[in-house]
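J.: In case you want the letters, here they are:
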Amino acid sequence: DAGVIQSPRHEVTEMGQEVTLRCKPISGHDYLFWYRQTMMRGLELLIYFNNNVPIDDSGMPEDRFSAKMPNASFSTLKIQPSEPRDSAVYFCASSLRNNEKLFFGSGTQLSVL
Amino acid sequence: GENVGLHLPTLSVQEGDNSIINCAYSNSASDYFIWYKQESGKGPQFIIDIRSNMDKRQGQRVTVLLNKTVKHLSLQIAATQPGDSAVYFCAENAGGTSYGKLTFGQGTILTVHP
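Protein sequence lines, in the order shown, are assigned to chains A and B.
Okay, so the first sequence: first residue is 1 according to the working numbering, each after it adds one.
Okay, so the second sequence: first residue is 1001 according to the working numbering, each after it adds one.
Check before you lean on any hint, since a few could be wrong.
Computed from the model, here is a short list of chain A residues facing chain B with C-beta under 8 Å [claimed, not checked]:
#, residue
1, Phe91
2, Asn99
3, Lys101
4, Phe104
5, Gly105
6, Ser106
These are computed hints drawn from the structure, not numbers from a lab.
Built from N, CA and C at the ideal position, the CB exists for glycine as well.
Bound-form chain B, shown alone (with noise of 0.2 Å):
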């Protein structure tokens, strides 16, 4: 059939509620993970970032996990607010010759209901 773009995975949730985005990496060479959202019509933001010598950043309202074990990172947002409403990105560094571009992965769509 025809290929009609990426389907990317939603997430919906109620305000208030606790949101849970993961992300799924393939190249274990990989040292730094990003975190960005990006809102309609505006560029990526960041969000939050992790080195592969951690597995838990803690931010405002947000935390990054990382399981390097299964390759597995996940964005936890408490309390998530309509505000929150955008596509998120998780990004990897896969470091050797890749060292200093990013690989984005593509993305997931979370809706905040009032």
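Bound conformation, chain A alone (with noise of 0.2 Å):
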């Protein structure tokens, strides 16, 4: 299996612009998790999926971030419009069933000008 794949790998946008990450999750794996990574924060939890279905979006951090799972092999994360503080990597991950591990991609290196 080609793991997790995310794209783009890197994206650079200016503020006010639409940005959509996205992400192919590990065969059968019935969890998808997004990620973002800063160096203030470190790794947060955004959003995660369950069979398609979000589970919990507590982390979303406002209304210009948005995901969606429309099938079991494709996950997006869009953020519209996006602001220079949204600059960070975001990752994607899977995992087969519930309360195991997580297997990431290689995230999307995001800046926003």
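Put the complex together from the two separate chains, hints included.
T.: As structure tokens, then:
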């Protein structure tokens, strides 16, 4: 298996623009997670899905952030409009079952100018 | 003063030494713990995990110890190699209504000198 696949690896955009991050979890994994990593706050959970259904989105910073999982093999995290403080590395992860180890993708480095 | 970000604990060792990285957790309801390794520019990589019904688990060159009494977790790396240099994170699954999501510690920077 290729592991969790994220795209793009790097994204540079201007304040106010819409940003869409993409993730393909490991095939057969029932859980998908979006994390954000910054120097200030470390690794923070934004939202996670079970069988394509959002379970906990309490970590989503504000209404500018939204996440979808239209099917078992694809998820998106959208920021609209983006702001400089959104600059971070965004990781997607998946796990086979609940309460098991997460497998992380390589992340998307987002820079909002 | 200005908050310039997290100040991660650091551990510096010589190649061949054993390393011990520590982690304190606060939630007594946590029942599952994981150690991750993150190299520069990469995502966190699973190292080893342990459930709360155990106090020790061994892998290849790594051992995790869990002390539930004092809510402490440690990762021991035997014969540390330069390739072990990375940031190491402990993570906990708090169970209950938080079941299914991991909370990560701030991380420890391990530097291995040849």
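J.: Holds or violated: the hint that A/Ser106 contacts chain B, with Cβ atoms closer than 8 Å.
T.: holds (5 Å)
J.: Does the CB of A/Asn99 sit less than 8 Å away from some CB of chain B?
T.: Holds, because the Cβ-Cβ distance from A/Asn99 to chain B comes to roughly 5 Å (cut-off 8 Å).
J.: Min Cβ distance, A/Gly105 to chain B: is it shorter than 8 Å?
T.: holds (5 Å)
J.: Report holds or violated for the interface hint on A/Phe91, using the least CB-CB distance to chain B and a cut-off of 8 Å.
T.: holds (5 Å)
J.: Can we keep the A/Phe104 interface hint, with Cβ of chain B closer than 8 Å?
T.: holds (4 Å)
J.: Min Cβ distance, A/Lys101 to chain B: is it shorter than 8 Å?
T.: holds (5 Å)
Consistency with the previously given hints is maintained throughout, with no hint failing.
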